[in-house]
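Whole structure, please, built from the sequences with the hints as guidance.
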Amino acid sequence: MTGSWPLDPVVVLGNGPVGQTAALLLARWGVPTVLLDQRPERDLVGSKAICQQRDALDVWHALGVPVADLGVTWTTARTFYRSAELFALTLPDPGRSPLPPFVNISQSHTEQLLDCAIAAQPLIDVRWGHRVETIGQDDSEVTVAGPGFELRTPYLLCCAGARSDELRAQLGVDLAGHSFDDRFLICDIRAELPGWATERRFYFDPDWNPGRQVLIHPCPDSTYRIDWQVPPDYDLDAEVSSGALDRRIRQIIGAQPYEVVWKSVYRFHTRCVDRMRIGRVLLAGDAAHLYAPFGARGLNSGVADAENAAWKIAWTGRGQAGEDLLDSYHAERHAAALENVAVTTATMDFLVPRSEAAARHRREVLTRAVTDPSAHPLVDSGRLAEPFWYVGSPLTTPDPTRPDACRPPRNTPVPPSPGVLVPDLPLSGGRSLRGLCREGPVVLAAPGAPATPSLGCDSPPARTLPMTSLSADLPALLGARDGEWWLIRPDAHIAAVIPALPSTTNLAASGETALADALRRSLGHHVARPVNGTDERIRQSAPAL
Numbered sequence: 007m008t009g010s011w012p013l014d015p016v017v018v019l020g021n022g023p024v025g026q027t028a029a030l031l032l033a034r035w036g037v038p039t040v041l042l043d044q045r046p047e048r049d050l051v052g053s054k055a056i057c058q059q060r061d062a063l064d065v066w067h068a069l070g071v072p073v074a075d076l077g078v079t080w081t082t083a084r085t086f087y088r089s090a091e092l093f094a095l096t097l098p099d100p101g102r103s104p105l106p107p108f109v110n111i112s113q114s115h116t117e118q119l120l121d122c123a124i125a126a127q128p129l130i131d132v133r134w135g136h137r138v139e140t141i142g143q144d145d146s147e148v149t150v151a152g153p154g155f156e157l158r159t160p161y162l163l164c165c166a167g168a169r170s171d172e173l174r175a176q177l178g179v180d181l182a183g184h185s186f187d188d189r190f191l192i193c194d195i196r197a198e199l200p201g202w203a204t205e206r207r208f209y210f211d212p213d214w215n216p217g218r219q220v221l222i223h224p225c226p227d228s229t230y231r232i233d234w235q236v237p238p239d240y241d242l243d244a245e246v247s248s249g250a251l252d253r254r255i256r257q258i259i260g261a262q263p264y265e266v267v268w269k270s271v272y273r274f275h276t277r278c279v280d281r282m283r284i285g286r287v288l289l290a291g292d293a294a295h296l297y298a299p300f301g302a303r304g305l306n307s308g309v310a311d312a313e314n315a316a317w318k319i320a321w322t323g324r325g326q327a328g329e330d331l332l333d334s335y336h337a338e339r340h341a342a343a344l345e346n347v348a349v350t351t352a353t354m355d356f357l358v359p360r361s362e363a364a365a366r367h368r369r370e371v372l373t374r375a376v377t378d379p380s381a382h383p384l385v386d387s388g389r390l391a392e393p394f395w396y397v398g399s400p401l402t403t404p405d406p407t408r409p410d411a412c413r414p415p416r417n418t419p420v421p422p423s424p425g426v427l428v429p430d431l432p433l434s435g436g437r438s439l440r441g442l443c444r445e446g447p448v449v450l451a452a453p454g455a456p457a458t459p460s461l462g463c464d465s466p467p468a469r470t471l472p473m474t475s476l477s478a479d480l481p482a483l484l485g486a487r488d489g490e491w492w493l494i495r496p497d498a499h500i501a502a503v504i505p506a507l508p509s510t511t512n513l514a515a516s517g518e519t520a521l522a523d524a525l526r527r528s529l530g531h532h533v534a535r536p537v538n539g540t541d542e543r544i545r546q547s548a549p550a551l
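Each residue of the sequence shown is one higher than the one before, starting from 7 at the first, in my numbering.
In case anyone wonders, no lab produced these hints; they're calculated from the structure.
Mixed in with the good hints, there may be bad ones.
Claimed, not checked - Computed list of lysine to any residue pairs in SDA-like fashion (alpha-carbon distance at most 25 Å, straight line):
| hint | residue 1 | residue 2 |
| --- | --- | --- |
| 1 | 269 | 203 |
| 2 | 269 | 325 |
| 3 | 269 | 49 |
| 4 | 269 | 232 |
| 5 | 269 | 242 |
| 6 | 269 | 329 |
| 7 | 269 | 168 |
| 8 | 269 | 201 |
| 9 | 269 | 191 |
| 10 | 269 | 78 |
| 11 | 269 | 167 |
| 12 | 269 | 249 |
| 13 | 269 | 236 |
| 14 | 269 | 336 |
| 15 | 269 | 324 |
| 16 | 269 | 51 |
| 17 | 269 | 196 |
| 18 | 269 | 281 |
| 19 | 269 | 457 |
| 20 | 269 | 158 |
| 21 | 269 | 238 |
| 22 | 269 | 204 |
| 23 | 269 | 211 |
| 24 | 269 | 47 |
| 25 | 269 | 239 |
| 26 | 269 | 186 |
| 27 | 269 | 114 |
| 28 | 269 | 381 |
| 29 | 269 | 218 |
| 30 | 269 | 215 |
| 31 | 269 | 227 |
| 32 | 269 | 244 |
| 33 | 269 | 142 |
| 34 | 269 | 197 |
| 35 | 269 | 286 |
| 36 | 269 | 226 |
| 37 | 269 | 221 |
| 38 | 269 | 246 |
Below you can see the structure in the form of C-alpha cells.
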C-alpha cells in the first residue's frame, strides 16, 4: 500500500501480544499508531500463553519477528487414559510451509521479540503508564482519556485483555458466557526429561491426579509447563508449605532434579462479547473473548483478530474500501469467536462433566478408547487451534462448484476454496506465497486464464500474477482448474474463484465483471447484482466436479 496516512494515528489500547501484533501490522500498512498500556513497564513473569499455531507464526514471520525460530517445535500430540496411551496425532501441513505446526514459547519471550520489532518501527509510539478511563466517539473520531492525557484518533483498537470490564461497559457490550468452578494449577519447571521435548502430553485420570486431568507442554531451555486440574477449594500456599507440591511434581518427573520457575492457579472462562465493532472502536483478543486454554485458541485467535482489524482499518482510513469493510470485522471475527466458544465449551464439558450422566459417558468413552480406535474421535482433550474459515463472510464470493465448507475430521487438511486461508508454498528468492499475498489484493491466474483481466476503471487496484510464474506446483496445490482466476485478500484468505470462460464470446466480459465484482465485494464495496462466484451463464460454463 502506497501513500501517506491521511489521518491522525490509530490508538491501540493494550501492549500485550495482540496489541503489539496489531501495531506492527498497522505500521506494515503505513499506519502510525499510539500504543497505550496502563502498566508502568513490561512484566515478564510466567509462561502464560505458550502454544503458538502455524498461522499465528506466519503473521509474525511476515513481520520479521522470529517466534518460530526460538520456540520449541512439537509435531505430536499424545493422549493417555490413566496409564494407557489412546492415540498420538501428527499435525498436518495443508501446503509446504517453512513453519512448524506449533511451537511452544513463553508469552513473555514472545512479547520481548515483538518489543524488539516495535523499537525498530518509527510509526509506533509506545506509552506506558497510560490508564484509559473514558472512551467517547462521534461520526469522525474517538476520544480516549485518562489521568493527564487525552487523545483523538480515527479508530481505536482495544486489545486491553480480560480485565476490560469498565471499558466494555462504557461501550455498551456484554461479555456473556460461563466460568468453570474447577481450578487449574500451572507450574513452569526446569528439568531434564529425555524424550519429552517435542511432544504435548495430555492425561485423563492419571494415578497421580485421579478423577482429573494433567497437561504437559515442552518449552525452551529445558522448561516444561504442567497444568493440573484441581478442586475448586485448592490452596496453593498450603500445598507449597506442606511439601505436597513437590510430591505432585515428583509423581510426574520422578527423582530428576528440578526448579520451579513460576506457579499460579487459574479459573477458566468461556465468554464472548455480543459486538466486536462499536462504531470506530474494534475489540480484539481477550478484550472480546475468553476461552479455556485446551486447544490453544486464545492468543492464536487474538493474532487473527489483529490481522483482520489492521488491514481493514488501513484500507478504510485511506478511502480505498467500502462502508461495509469495518462491519465485516465483526461478522468474521465474531463468528470465529463463537466457533471457539463452542469448541472449548465442548472440551470443558468433557473434561469437567456437569452431571453424573455426563461423567458416566466420559468414563465409558475413555474405557472403550483404550481398545477401540473408533472411539478416539469421541475423546475431547481440546481440538487444536486452526484458522477460521470466512466462508459465510459478506466479503467472500462463494463457488458452488467446490465442496461444501465444513470442518473436516481432526488431522485432515483443509481443501482450498473461497473463505479459506490460502495454503503456503515457498517461492524463489526466499519468499512465500502467503507473504506475497499479504502485500495487498492479488489475482492468481491459472494456466489458460488471461493474465491481465480488464476490471474497469472504478475497480479497486489488484495485482494479477500467473500462477506458474510463481511456482509450477501452485495450480496443483490449490486444485485450480485451467482458466480460473483466484482472488486473494490482503490477509491471505481466498476471496473468490472465477471459472474459465471462452475469450471469444461475451462470457469473457461476464467473467471479468464477476472478478471485478468479487474484488469490490472483498473490500467492502456494495455490489448491486448477486455475486455467487458467477452469474447463471458462467455457472453453466464451469467444469463439473
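* **Structure-inconsistent hints, enumerated in ascending order** => 2, 6, 14, 15, 18, 19, 20, 28, 33 and 35
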